[in-house]
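Undergrad: Turn these sequences into a full structure, and let the hints steer you where they fit.
Be aware that the first sequence starts at 1, since it is given in the numbering used here, and climbs by one per residue.
Source of the hints: derived by calculation from the structure; they are not laboratory data. Incorrect hints may have been included.
Said to hold, decoys possible - Computed spacing ranges between beta-carbons, pair by pair: (1) 31 - 206: 43 to 53 Å; (2) 40 - 257: 44 to 54 Å; (3) 46 - 259: 54 to 64 Å; (4) 196 - 46: 44 to 54 Å; (5) 270 - 131: 53 to 63 Å; (6) 215 - 257: 15 to 25 Å; (7) 219 - 39: 37 to 47 Å; (8) 260 - 94: 46 to 56 Å; (9) 19 - 200: 41 to 51 Å; (10) 163 - 96: 44 to 54 Å; (11) 264 - 147: 32 to 42 Å; (12) 161 - 46: 43 to 53 Å; (13) 253 - 133: 39 to 49 Å; (14) 94 - 140: 31 to 41 Å.
Backbone N, C-alpha and C define an ideal beta-carbon position, used for all residues, glycine too.
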Amino acid sequence: MPELPEVETVRRGLEPVMTGVVIAGADVRRPDLRWPFPPRMSERLTGAQVLRLRRRSKYILADLSTEETLLIHLGMSGRILMSGKAVGNFHHAHPAPEKHDHVIFQMANGVQITFNDARRFGAMDLIETQSAETHPLLASLGPEPLGNAFDEPYLVAQFKGRNTPVKSALLDQRTVAGLGNIYVCEALHRAGISPRRKAGRISPGRVRPLVPTIRDVLNEAIAAGGSSLRDHRQTNGELGYFQHNFRVYDREGQACPTPECGGTIARIVQSGRSSFYCPQCQR
DNA sequence: ATGTGTTCCTGTCCGC
DNA sequence: TGCGGACAGGAACACA
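TA: Quick look at the structure:
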């Protein structure tokens, strides 16, 4: 899936064509994704104006004039593509629905927004805007990694006493919300911390660089328009470019990019997920 | 309370 | 070319 930078890239792509625009119709082409869609989703969306588009962790939140908020999660394989007259300088005709196009939004400005998700680990829900943060999917999320609440004292406190590998701790959305497998691997490499190290056994002095490092990796990826691993696309269909900047992810057997290191990137499995790291310079 | 393993689903790639 | 198995950006859930 899309991790935070990819979701933010999608949000930024949608923002100019959705904000202030009425949803003219929603074609819901199957009853569910990971969970059933909310009752009467199409009817509740039709006629609503999008007041603003937000992102919380890997969720896109569209606040509507109906005092409801459309929540979208892309899961592992979710994509959102736009077509129609207002998309950039291009004129994209509305294409015929493709396989796994599950929900198609018709905007009043002529733009069509298609949610495509082969694996269907994604989700959509309609929730009360006023109490959005108490939604079960959002209530337990930790702080935004790019926000002020995510700082060194916080992370030190979160790691304290935890016996789980730091890789697992950072993937845990309650610790910090929005990191996924790729960017955790990348951040740990930049910080020189082994993914195998127990979270509670990292000295505060070594936790310190982790916060700015996580921010740097995410900001660089956002600036590049997200990664394009496998099939991630921006809303305009173009590939992101951060993939070229992966230092360890999916680079098993290659030379460690750290100057003077000389190590070789290894792949291990931690709680069912691949971790890529350099055993030489990550301790 | 924590930590770990399983599960949902489809597509792709790699070795035989 | 076909077939089987491993693996893929997530995270809820069940269980030790």
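Undergrad: Against the structure shown, which of the earlier numbered hints fail to hold, in ascending order?
TA: 5
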